[in-house]
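Use the sequences and the hints to build the structure in full.
Protein chains: 2
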Amino acid sequence: MSADARPVVPRAGRLRPLSLGEVEIVGGSWAQRQHVNSAATLAHCQGWMERLEWVANFERATDGTIAGNHHGMMFADSDVYKLMEAMAWEVGRSGSEDADGRIRGLTEIIGAAQESDGYLNTVFGRPGQEPRYSNLEWGHELYNFGHLLQAGVARSRTTGDDRFVEITRRAADHVCATFGPGGIERVGGHPEIELGLVEMARVTGEQRYLDQAELFVERRGRGTLGEIGFGQAYFQDDMPVREATVFRGHAVRALYLAAGVVDVAVETGDDDLLASVISQWEATIARRTYLTGGMGSHHTGEAFGDDFVLPPDRAYSETCAGIASVMLAWRLLLATGEPRFADLIERTLYNVIATSPAPDGRSFFYANPLHQRVPGKYPDPDVESKRASSSLREPWFLVACCPTNVARTLASLAAYLATVDTGGIQIHQFVESRIGTTLDDGRRVGVEVSTDYPSGGAVTVRITESDQRPWALTLRIPNWATGATLTDPSGDRRAAGPGNVVVEWPFGVGDEVTLTVPIGPRWTRPDPRIDAIRGCVAVERGPIVMCAESVDLADGRHVDVLRVDPSVPPRDEDGAVLVNARLVEPPDQPWPYGEESGTGTGEADSGPVDIPLTPYHSWANRGPSTMRVWIPVTNS
Amino acid sequence: MSADARPVVPRAGRLRPLSLGEVEIVGGSWAQRQHVNSAATLAHCQGWMERLEWVANFERATDGTIAGNHHGMMFADSDVYKLMEAMAWEVGRSGSEDADGRIRGLTEIIGAAQESDGYLNTVFGRPGQEPRYSNLEWGHELYNFGHLLQAGVARSRTTGDDRFVEITRRAADHVCATFGPGGIERVGGHPEIELGLVEMARVTGEQRYLDQAELFVERRGRGTLGEIGFGQAYFQDDMPVREATVFRGHAVRALYLAAGVVDVAVETGDDDLLASVISQWEATIARRTYLTGGMGSHHTGEAFGDDFVLPPDRAYSETCAGIASVMLAWRLLLATGEPRFADLIERTLYNVIATSPAPDGRSFFYANPLHQRVPGKYPDPDVESKRASSSLREPWFLVACCPTNVARTLASLAAYLATVDTGGIQIHQFVESRIGTTLDDGRRVGVEVSTDYPSGGAVTVRITESDQRPWALTLRIPNWATGATLTDPSGDRRAAGPGNVVVEWPFGVGDEVTLTVPIGPRWTRPDPRIDAIRGCVAVERGPIVMCAESVDLADGRHVDVLRVDPSVPPRDEDGAVLVNARLVEPPDQPWPYGEESGTGTGEADSGPVDIPLTPYHSWANRGPSTMRVWIPVTNS
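Order-wise, the sequence lines are chains A and B. If you use the numbering used here, the first sequence corresponds to residues 581 to 1216, in order. If you use the numbering used here, the second sequence corresponds to residues 581 to 1216, in order.
Since the hints were derived computationally from the structure, they do not count as laboratory data. Quick caveat, the model's predicted, so the values are computed rather than measured. Positions of the beta carbon are idealized from the N, C-alpha and C atoms, including for glycine. You can take every hint at face value.
One-sided and incomplete, this derived list gives chain B residues near chain A with beta-carbon spacing under 10 Å:
hint : residue
1    : R867
2    : S877
3    : H878
4    : D887
5    : V889
6    : D893
7    : R894
8    : S969
9    : L978
10   : N1059
11   : R1102
12   : P1106
13   : D1111
14   : G1115
15   : E1120
16   : W1171
Here it is as C-alpha cells:
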C-alpha cells in the first residue's frame, strides 16, 4: 500500500499526518468497531443501496431508462461514492479483497454512466430529466462530485490509480471546465466539492483543482444561490466566508465548508482565512456545541441554533455533523498543532461517532439527542426510515448519509491518532496501536501504545524502533484531566496538566513512557446561559459522557423522575458508574403553571437510591428506553 | 341582520350562544382591535392577495390560463375564503358596506371558477394540472372547501342567502357526492372540512352534510392517507379519533379536527366521542400547552411535542393554533357549561390572538415564541415573508393563514363572550359590552358590562332590561383569581372563588352586580417536568402574561442577563409592572461545560435593580428587542 494512505495531506502546517501504513489500531473498542465495519457494515450498506436501486440508478442512466425511474433522494449517488471511499480505506487498512472486489464492481457500473465530458449524475441532464445545474440550490450535483473526488483520492492513495480514479479525475476536470472563470460563476447548495477538489489537487499536483476550490470558497456568501425557505444562512450563502463569526445554518454544510476552507487556506498560505475559520470554530465551541461534541440544535434545517440554544431533547446533533466536525478539527490540528482540536476530536469520536452504529454494525443513529422522553419502538428491519430522528438505531434511511460516513471514518480512523513533526511523534488519541514512521531527518522510529483507555487511565508507550539519539514524544493530556502524571524512561514521575506534554529523550528500544490520567466519574455543570439544561448536571468519566436509562430503573419508571444532589460525587463501583439519586414524581395537575407549582409540592419521593449510568454511546443498545444525559439537581 | 349571526349553533348542549345582534363590544382594547380590523386589516389582506395574484388564480382558472401559472401555495384559495368569512362577520357586526361590496366582488370571481359539479379549486383538475384528489395528503382541496363552507355559513347567517352562499352549498354537495359511501372513501390531509360540513348542516338542516362530516371523522386514523415524512400523527391519521389520548401532530390540524369532532359528537349525541375529545383536551392542557395558551412546540411539522416539551425559544405556538384552540374550547364550553373552557379562551385571547396583529392591523406574528434571543430586523414591507418565524410582525406571508384567521376571529369576537341557558345569562369574558337577548321562556333581558378589565379588576353588570322576575346572572371567576368578591344588587358582598358564580335575582332595570377581581402581578412557577424552563418564573397580571424586553434595559443589554428573586413579589407602580432583578453576565469560556461552570462563578452582577415588564401581547411593538417570559431565578 502507498505510504500516502491518509485522508488529508496538507502542503504545509505544523504537523504531518501518518498513513494507514504507519499507524495500526491493534486492540480495544475501536479495533472491534473496525472489525465490525469491515465484516458487516460495508456489505450492509451495499446491500441496501442495491435493494433500493440506488446502484441501479447508474445502470438506468447508462441504458437510457433513468428518466422517471430514479430511486432514492437526489443525492443517492453520493452514498454510493461514500461507500466506495469507505471500501478504499478498508483496502488500505486491512487489504480486504472483498472490499477491493466491490470497488471494482461498482466502478464498472458508475463508469459506464459517466458522460463524455466527465459529467456524472443520475438525476440531471439526460432526456426527460431536468437540465444539468438547473437547481444549484437543491440539486446536490457538486456535493455528489465532492464525495466522488474524496473516494477517488482514497482509492488513489491506498491502491494507486485505476479506472475508478480516472473517473474521478475526469469528474474534477469537468467541474473545473464548467464552474471556472467564464463558466457558471456560482456555487452549489451543499458544500463538499471544495475539500474534494483540494485533496484532488494534493494527490495529483494539479493547481487548477485548487484554484477551482478557492473560487468556490470566495464565491460563497455573495448571493449566487436563489432564496430558499430556510434562509440563505442554511447553505452559508448569507455572507462571505471570511466575514462570518460563527458556524450557522445547516450543520453538515457549515462544517464541510469550513473543512474545505481550511484546506484552501493552508494550500494558498492564506493566514487571514485560516484565522477566520479558527475564530468561527472558537465561537461555535464556546456557544453552539453539545457536551457530546455534537453540533446542530434544530431539526428544522438540521441547523445550528443561536448562541446557547442547545436543547437536549431536540438536539439534532447529526452523526454526519460529528464526522464533519472531526474532519475540520483534524485539519486545524495539522495546521496549528494545538491540542484543543484533538480534545474535540476525542470528545466527538467517543460521544457522537461511537454512538451511531449498533454493536453489530447493521443499524445506526442519524440524530443524537441527549434526552429521550418516550421509549422507542423497534424499527421494521426491512424498511428504510423516512425520518432522521428515532429512538432506536435503524438499519437504513431514505436520507442515508450517516451509515457510509461512519464506515469511511472507522476504516480510516488510524490516520487520525498520531502525527509527526521535525522533532518527533505526537500521540493525540490513546488507542491500542502500533506506530512506525520516519522522522524528517530520515530516522526510523516506532512505538507501541498499550492501554485500556478510556476504561482505565494508564497509557504505556513502549519504544519499538529508535537509535538512542534524542527525539520528542508528545502526548496530549485531555482538557478535562486533572492530576495526570507522566513517567519517563528513567522512572521519574511528574505532574502533567492539560495540553501537550513532551518527553525529549534518547529513546532506545524497550524504553517506556507511562501516562496516568485519573479517569473516575465527575459532575459537569453547564454554562447558565444554556437555558434548556438550567438546574441540571451531567456525569462524565474520562472522555465519556454518561447517561441514565430507564432500563436501569425499577418498576418501569422513566428517567424524568431522577433528581441528583451534586454535593455527593458520582463513583465507580464494581465496573459501574453510580450516582446517588432520588426518584421524584410531581403530582399531576390540570394546569402546569401556578403560584404553587415547583418541586417540593406534593411530590412522591423515593428517598436516596443508587442509580447506574451508562456510556451515552451505548444507550438504547438494550432496547427501548428513556434516557437523559442532563439530570436535574434536587430542589432545582 | 339575522338573529342567527353566530359561528357555532349546536343542536344541543348546556349553553346557547348569542349572536352578533345580541352582544356588542362597546369599548376597551377589543373594541379598538375590532375597529382596526374593519378599517385596516380586511383591505390589507385583500390587497396582498390581489398583488400576489391569489385572487387572479380564480380568474385564470376560469379563463383556462391557470396551468403553470398558479401563484402562491396550494391552499391560497382558503385564504380568500377566510377573508370572505371575516368580511361576512364584519357585515354582521357593523353593517360595513365596504366589506359587503368586497364580498360581492370576490363572489363573482370565485363563482366563475366553480365547475358544473360544484368542484372549486385553482390548483387541481384543469387541463395541465394534476387530477382532482390526486394528492389527498398535501393537496388541501378538502381543507379549502372547509373554509369555503365556513365562509358561506357566515354569509348566510349575517346577510342571508345569496350567490356566494349558493356557491358554498354546491361545493358541499360536491364533497358529499364525491366522498360519500361508495365514493373516495378517504380523508384529507388537513382537517377543516368536518366543522365546515357540520355547520352547513346546522344552517341548512341537511342531514347529509352531517353524515359526511361523521364519515370523515370515523375514517380518520385508519390509514387512508399515504405515508409522509413527518409521520402519520402529523395529520392525525395514526389512530382512530376516539382512541387517541392527547392532541398530537400538526397543532392546527389537530385542533380543527377536534373542533369538528365535537360538532359531530354534539349533533349525533355521541357522548363517548365527546368524552374522548374532552379527555384529549385535558391531557393537552395539563402537559402540552404554553403559559400563553399557545400550542405547538416544534417548528418541524408545526407540531405538538411530547408531554412537557415546551421550549420557550422554539415555541411555535402558531397564531392559527391559538384560534383553533379557542374554536375548540368554545364548542366544549357550549356543550358542557364548564368554566375551565372559558378560562382557556381568555388566556388564549389575551396572550396569543392579541399578540399577533400590530396595533395598526397591518402586520402579524405567525409564530409566538416566549423567548426571543436575538433582536429582529424590520421586514421588507413590500415582500411576503417566506418563513413563519420572525422576531417582528410581518405584513404578509407566503403561507398566510394567520392574518385572515385573526380577522375572522376579531370580527366575530362578540359572539364568544356570553351565552344563555334556560335560567339566565352567563358572562364568560369581561369586556365592555351590551347584551340583550331572550330567555327560553320568552322574557327579554339585557345587561351592560362596564369595566377596564384587565387593566383593573372591577366589573359592573348593570341590568338594562328585565321584568323583576328572578333569573340567574352567571359570572366566571377566572381560575387564577384569588380573593375575588361579588356584590349583589342589595349591596351584599361575598367572596367568590374560581369557577362560575351565580346571582339569582329578581332583577330590575338599573340593578347592578359588581365583581372585583384582584388583578395585581404575581409570580407563576412551572411544573418541574417542563425541562426547558426549569429554575425560571414568570409574571402574570390578571389574565395577562408579562415579559421582559431589552428595550427596557439600559446600556443595550439583553434579557438573558436577567435574574429574579421570587421571594420579592412583582408590583404595580405608576401604571407599570416592576420586578426586582439583577443583571448577571457570566464570564465567557472557551467550553461551556465544566466542574466550575454555573452561576456565582466570576459573574458580573449589577446588584438589585427594578425592571419594568410589558404585556407579552405588546412585545416587539417598540421595535427590535430581545424578550423573555420565563426569567431565571437568582442562583438557579
